[in-house]
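There are 2 protein chains.
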Amino acid sequence: MKVITGVISKETLEISEIRSQNLNGCEVRVNGAVHTIRDMGEVAFIVLRKREGLLQCVWEQGVSDFSLKEIKEAATVEFAGIVNREERAPQGFEIRIRTARILSEPAEPMPLQISKWKMNTSLEAKLNNRAVSLRNIRERAKFRLQEGITRGFRDFLYGQGFTEVHTPKLGAKSAEGGANLFKLEYFHRPAILQQSPQFYKQMMVGVFDRVFETGPVFRAEKHNTKRHLNEYTSLDFEMGYIDSFEDIMAMETGFLQYTMDLLNREYADDLEILGIETPRTDQIPQVRFDEAKQMVAKKYDRKFRNPFDLEPEEEFLIGKLFQEEYGADFVFVTHYPSKKSPFYAMDDTADPTYTLSFDLLFRGLEITTGGQRIHDYHELLAKISARGMETEGMEHYLAAFKHGMPPHGGLGIGLERLTMHLIGEENVREVTLFPRDLSRLEP
Amino acid sequence: MKVITGVISKETLEISEIRSQNLNGCEVRVNGAVHTIRDMGEVAFIVLRKREGLLQCVWEQGVSDFSLKEIKEAATVEFAGIVNREERAPQGFEIRIRTARILSEPAEPMPLQISKWKMNTSLEAKLNNRAVSLRNIRERAKFRLQEGITRGFRDFLYGQGFTEVHTPKLGAKSAEGGANLFKLEYFHRPAILQQSPQFYKQMMVGVFDRVFETGPVFRAEKHNTKRHLNEYTSLDFEMGYIDSFEDIMAMETGFLQYTMDLLNREYADDLEILGIETPRTDQIPQVRFDEAKQMVAKKYDRKFRNPFDLEPEEEFLIGKLFQEEYGADFVFVTHYPSKKSPFYAMDDTADPTYTLSFDLLFRGLEITTGGQRIHDYHELLAKISARGMETEGMEHYLAAFKHGMPPHGGLGIGLERLTMHLIGEENVREVTLFPRDLSRLEP
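Protein chains in written order, with this note's numbering: chain A, 25 to 467; chain B, 25 to 467.
Watch out, some of these pointers could steer you wrong.
[Claimed, not checked] In silico lysine-lysine, PhoX-like type, Cα no more than 25 Å apart, as pairs: (1) A:K140 - A:K150; (2) A:K364 - A:K322; (3) B:K407 - B:K364; (4) A:K344 - B:K96; (5) B:K26 - A:K322; (6) A:K344 - A:K323; (7) B:K344 - A:K26; (8) A:K207 - B:K246; (9) B:K250 - B:K96; (10) A:K93 - A:K250; (11) B:K322 - B:K344; (12) A:K150 - A:K250; (13) B:K344 - B:K327; (14) B:K250 - B:K142; (15) B:K207 - B:K142; (16) A:K323 - B:K322; (17) A:K327 - A:K344; (18) B:K26 - B:K150; (19) A:K93 - A:K140; (20) B:K407 - A:K26; (21) B:K96 - B:K140; (22) B:K150 - B:K246; (23) B:K364 - B:K246; (24) B:K207 - A:K246; (25) A:K96 - A:K26; (26) B:K142 - A:K207; (27) A:K26 - B:K140.
Worth flagging that the hints you see were computed from the coordinates, not collected in a lab.
Just so we're clear, the structure is a prediction, and the values are computed from it rather than from any experiment.
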């Protein structure tokens, strides 16, 4: 009987394996995609794109046993050759090729010059050629960092006693009312796509005390801005037995500290490719909504129009102010007005026109909304009633409260927005593999 | 300026903290939900449900400074009391309560007896009271193990050089044709929910060499069986530079080995609560589709009807046969007929009526479908054409191949099915937090 016993180790080596095993002068086998070819006549540099980076291989007349013409850009190949220490090569070594095996060949030339360090290409063109444009080393590195953020979120929360949940994206009614919902037919019944796991994660606090989810959310908003998507990845958590809503901000700060450390430790290559220094997370200032509004109005001589919400420009200026005066990349803005908060937000007993809520601004952009939630069943019913809302469709949510819930709160982080400002991009589509917006449903 | 500096450490202790710090005789504070109260007169056992398990607390007349009547089942509370070693208690110790603080109270009595070890409740009733039924210790443990599987999948693949991706769930056309798709309107354009990240993960092999995703998939199938859901969590990976489709099975075996080890190490409490021994993964037999069919027909004297696919009963019998004859919990069934395979499956050059594909059966249930894919652009076009299919809507997918793709393959694992058979459940809804099926769109 034939059996499989585990991962098959390969004869071909990865960049880190060659580096760590000190193989200078040894023959090795490597594979990869032909990223670029620089033909110098009797010598040619064939740079392979591998998952760990670029690897310089050298074709030499008389040494390599094949014609350079056999190797096309965008082919995938396997080379056998000698490791040669070479400080000018991207990895500090190169491979002097002896033999080659072609694994696959492209059918047509590249539509974009992906081998350039910075592609001189519009966002539109990059998105229209996504499968190709992402092969650029810098484009790819953005998504490696995005992986690091998601990974940091999960690993940190596992360590803090959170349980990961998978809540349904198809539902009968959503957490936050009827607007901006994608609607569909579900076996002859009306259904929606969830715009947040809010109700579910709260229900699960009664089960696991602390839960998180990393998954897609859907918003049928007709915004067409640089910071909105109609489908994005939300990093959500919800935690019970809190003493105050500051526990939630503290947990988020812990996540950011853990994650920046993880990026510096395990994603150093990608940070270097993009020339990024991770932001300061050792202490994050917190400021009340009303105070922040006043500070910005005063410092930048700006009239404020909407007293119940922050305009994007105000968020930008709050970020600027705290950067200038305290060197802070992040600011927690707390105590948003009750009037603009969702029904489940807990009012501040000291002044019920404000809620125990917060946004986290990262360099002037809102990347998180969170806060303490109402946990008492009667209080929740009273709030729903005071808002003139119906409980219909919320029976299951309310049942959790009817049968006892601890004091709790949580937050949602927009993964793409956090990635965007970490990297210093100005359009959230730059850090979304396949963005969905008003005009884009493909690729 | 007020600042947040990181996670706030709590004065209340978790079970593992009390256990590891040897606090016998010391006063501690603990919080939790009142899981059950056993009133013995002058003494009462108040069992708290905490995220790490059940904690026995003892109310004693004259010692505890409050009346037992103040404590209701399903309330959440904070107790201060003395740690007392007690072998008969669930954790080997109990808390002799001195003072209590009520954090929240339920509004109504429980609809289900969640404090019973095994709830004597139908699946239907459990699903209709999901926020409450999951508070049962055994119910909850199933989802802890499910977390362990997802976590094991990711951690193992990070270690193998895979990059995590987030691909869109809203799309214009799906990987595997038009049947069984949920349809919706996307800003006045027809859209669908993806039934698999297949196209996207293949495209991303050209970028990252190895990718994975853990996310929801949507299937509008009108099946009403114990093993089908209309929304489920798929664990997908795709890897480039494979030498054979056996590399994929080897990677999956590695994942299973890593994950069972993780469960035994970090989820031992949950395994014990459910009385589970993890299955054997040191070697997994592989058998060809046609041979498996014959073996089952012979051993169980069973006629086979459909020569191109395995009926569920045949899968069950293959599982049984390999369990009986080789003590195997898992079996790879390989080389499925081309006729029933998707267009992108690579045919076996030795006999093109079969593909280089496999299913993984776990105790007779298919939990994975995978295989090698066609990587040559012209070959892919020829296959599409031979099937009488259109390339319309596949331009972006095909572009990846047009511009060069390495030999590659991958798989998709149904998380709920794997969890179900690990735990020994017979209905996939038992291991789905909020199942979506023909009749169920809520809670």
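Between the alpha carbons of K26 (chain A) and K140 (chain B), is the straight-line distance 25 Å or under?
Violated. K26 (chain A) to K140 (chain B) sits at ~46 Å, over the 25 Å cutoff.
So if I understand the rule, the pair passes when the alpha-carbon distance is 25 Å or less; does K150 (chain A) with K250 (chain A) pass?
Given pair K150 (chain A), K250 (chain A) holds - Cα atoms ~16 Å apart, limit 25 Å.
Does K26 (chain A) sit within 25 Å of K344 (chain B), going by the straight-line distance between their CA atoms?
holds (18 Å)
Taken at face value, is the distance from the CA of K323 (chain A) to the CA of K344 (chain A) at most 25 Å?
holds (11 Å)
Check the hint pairing K93 (chain A) with K250 (chain A) against an upper bound of 25 Å on the C-alpha distance.
Cα-Cα ~44 Å, so violated.
Taken at face value, is the distance from the CA of K246 (chain B) to the CA of K364 (chain B) at most 25 Å?
holds (20 Å)
Is the Cα-Cα distance between K344 (chain A) and K96 (chain B) 25 Å or less?
violated (51 Å)
Does K322 (chain A) lie within 25 Å of K364 (chain A) when you go C-alpha to C-alpha?
holds (24 Å)
Taking only the CA atoms, is the gap from K323 (chain A) to K322 (chain B) under or equal to 25 Å?
violated (86 Å)
Against the 25 Å threshold, does the CA-CA distance of K26 (chain B) and K150 (chain B) hold or violate the hint?
Violated: K26 (chain B) and K150 (chain B) sit about 46 Å apart, past 25 Å.
Tell me if the straight-line CA distance from K407 (chain B) to K364 (chain B) falls inside 25 Å.
holds (13 Å)
Given pair status - K150 (chain A), K140 (chain A), alpha carbons within 25 Å:
holds (13 Å)
The structure fails to meet hints 4, 9, 10, 15, 16, 18, 20, 25, 26 and 27 from the earlier list, while all remaining hints are met.
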